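Chemist: Chain order of the listed sequences is A and B.
In short: position in the first sequence from 1, add 4, done, that's the working numbering.
In short: position in the second sequence from 1, add 4, done, that's the working numbering.
The hints are simulated quantities; they were obtained by calculation from the structure and are not laboratory data.
All values reported here derive from a predicted model rather than from experimental measurement.
Each residue gets a CB set at the ideal place from its N, CA and C atoms; glycine is no exception.
Some hints here could point you the wrong way.
Stated by the list, open to error - DEER-style ranges, computed between Cβ atoms:
1. D146(B) with D111(A): 27 to 37 Å
2. D131(B) with R168(A): 26 to 36 Å
3. H113(A) with E52(B): 28 to 38 Å
4. R95(A) with G147(B): 35 to 45 Å
5. S171(B) with T149(A): 18 to 28 Å
6. D146(A) with R108(B): 52 to 62 Å
Protein chains: 2
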Amino acid sequence: MRIENIVPPSDLRAPPADSKSPFGTEGLRGFSPYLINRVIRRYNSSVEAALRDTPVNVARLRVIAALVANGPQGITELSIFSVSEQSTTSRLVDQMEVEGLVTRRIDRHDQRARIVALTDAGRRAFDKGFPIMQAEEARMLDGFTSAEQALLRELLGRMLDNVRNTSI
Amino acid sequence: MRIENIVPPSDLRAPPADSKSPFGTEGLRGFSPYLINRVIRRYNSSVEAALRDTPVNVARLRVIAALVANGPQGITELSIFSVSEQSTTSRLVDQMEVEGLVTRRIDRHDQRARIVALTDAGRRAFDKGFPIMQAEEARMLDGFTSAEQALLRELLGRMLDNVRNTSI
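Let's have the full structure, built from the sequences with the hints guiding it.
Modeler: Quick look at the structure:
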């Protein structure tokens, strides 16, 4: 059943009659975390769907993208850059090593630590998968000028600097 | 172990030496979905932590906020506005009804459908919990002028219009 068959959009979009609404005249759209959650949920599920016919999923592609962008790195950095729990990243990297997408080597600065690096197969998976992420980003930013896209990244970068709890 | 003890931030922030990087000179920060995922993950986990000593969690508070913003509504709309799977929303509303936060009544337009409405206890939970979400939003937007905040919401609203697959 499509939403528009249930409630007229005008009813759904209209702010509540109560002028003392905590969300102001914009309704939920006046609360930026609501907008961000909705946008990124749709983006992520669209990427997941578009990757269905490829050998990698979103979680793997994020790890691979972090390695392409920042080079070989430890699990802690990798979990931050791939936006995933450290334990989840660790298990995923185990699987990706078996699949031949990454390798692990001893950190030359710390014998107990392991550094994760991309293999040629991992790089090929990136070359196949990343354009799919870029296409979804392009769809999300349809109608945005280059200046608006740069501005968006600048605002998001400042937000990240405000909320992050690590130096990266 | 803190990140800054592992790798100097300068190394982590620096774009890869390879000028042909698919992420350009900004590294991962040049890819807006990366920034959005990182920002909202931190925001959501900060809210979850801040709500720990209250009777509601993030999932409940989102359902409650959607009801405050848009009034009584069906599960389909509620799952969209609370940014949650429909089956998850349905189970959550069952629990919230037992907890006395919401009630369900028959839809006067469709005898088979149920409309979810907030109770007085639900509204009190909102009055306690929503300021916590607002405080985390304020932290995320620290240093933003009112004009920048409005611009951010405008850009996010356009992104949502680009990616959403319903009329709401």
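Chemist: Which of the numbered hints above does this structure break?
Modeler: 6
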